[in-house]
Amino acid sequence: MNRFTSNLIRALAISTIATCAARADVTTTLSKGKLKITGDATGRVIDLKGAGFGALTMTVDGVPAGDFLGVRDIDVKCGSGDDTLNVLAIQIGGNLRAKMGDGNDIVLLAATDSPTGKPLVLCGKVDVDLGGDAADAIGIAPIATNSVYLMSDVTIRGAPFIGIDGGGSSPTLEASDIVIGGKLRTVRVGGDPGQLELTKLDDVLVGGETRLEFGNAKDELLITQSQFARKVTMRLRGGDDTVDFQNDATKFDGPVSVIGGSGFDSLVNTAGCEFAAAFAFPQMEFVP
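Residue numbers (our numbering): 1 to 288.
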């Protein structure tokens, strides 16, 4: 997860700003609780740092770009540059949507531990579209004993590298786990058969249905110490793909279906997994 780490700075004092120009190339508007952030074709680093429920500060390339109160929803739209979006200990009652555009983009959703520990709490839907470029990546991570609570559906599109990486040591609820209250869906588009794409789910608790859809690249999916309350479907499609449970305890309370594709697909290291309902592995070349 080093590729997703970022430096945390002290939160700024909050003041009400309805509409402001963050920079000549990044604009923001806050209207009826929705904060809209729009970039251009130049790659930028956008940091959103929580300062209480519905309150946050924003910097662009390290330069202060606005303090906001009364934020319910956040809508980010970037251009064609190599952009980074850090969402750090935000606590809002609505949705987070990010469309990163072309370019090699990075998105980090995380709790914080400095200067004081704060969880990340997003009560609405999370929908992140990375764009599908070769080095696009998203990380979701707790910090120390501060958890990540994504209370509704989570959808991630077009990310060759996905790390939803909690910090516990078992599939039960612990401090520093990642909790997804609704559905979890990851979607890949296209893919180069010669390129390795990675997904890691560690210490993740999902309350809704889980659907993981891969492209035509060589995919490696690691799932450890997690729990899924409802149906789980993994559709591997093209490429020589591997689903690896690392011989760790992961619980599946609903039915599980791992659907292979046109390549040589393997299911490995399943010792320790608990399957409470029916499971199926159609079109899988190797199943222990």
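Keep in mind that the hints were calculated from the coordinates and are not lab data. Idealized CB from N, CA, C, for every residue including glycine. Be a bit skeptical, because a hint or two may be false.
[Said to hold, decoys possible] In silico DSBU-like cross-links for lysine-lysine, where the CA-CA straight-line distance does not exceed 35 angstroms:
1. K32 to K218
2. K183 to K218
3. K32 to K125
4. K183 to K200
5. K231 to K183
6. K99 to K36
[Unchecked claim] Here are the computed distance ranges between Cβ atoms for each label pair:
7. K77 to S169: 26 to 32 angstroms
8. N247 to K77: 24 to 30 angstroms
9. D253 to T38: 23 to 29 angstroms
10. Q283 to F53: 42 to 48 angstroms
11. T145 to F286: 38 to 44 angstroms
Results of checking the hints against the structure:
1. Pair hint K32 plus K218 does not hold up; C-alpha atoms about 44 angstroms apart against a cutoff of 35 angstroms.
2. As the CA atoms of K183 and K218 are separated by approximately 25 angstroms, the hinted pair is consistent with the 35 angstroms bound.
3. Using a Cα cut-off of 35 angstroms, the hinted pair K32 and K125 holds, with the two alpha carbons roughly 18 angstroms apart.
4. Between K183 and K200 the CA atoms are separated by roughly 17 angstroms; this keeps the pair inside 35 angstroms, and the hint holds.
5. Distance check on the hinted pair: K231 and K183 sit about 10 angstroms apart at the alpha-carbon level, within 35 angstroms; holds.
6. About 12 angstroms separates the Cα atoms of K99 and K36, which keeps this hinted pair within 35 angstroms; it holds.
7. Evaluation of the 26 to 32 angstroms hint for K77 and S169 yields a failure: the beta carbon distance comes to about 38 angstroms.
8. Taking 24 to 30 angstroms as the suggested C-beta distance range, the pair N247 and K77 does not conform, at roughly 42 angstroms.
9. The hint said 23 to 29 angstroms for the Cβ distance between D253 and T38, and at roughly 41 angstroms that hint is violated.
10. Taking the beta carbon of each, Q283 and F53 are about 47 angstroms apart, inside 42 to 48 angstroms as hinted.
11. Between T145 and F286, the C-beta spacing of about 39 angstroms keeps the proposed range 38 to 44 angstroms intact.
The structure shown violates the earlier hints numbered 1, 7, 8, 9.
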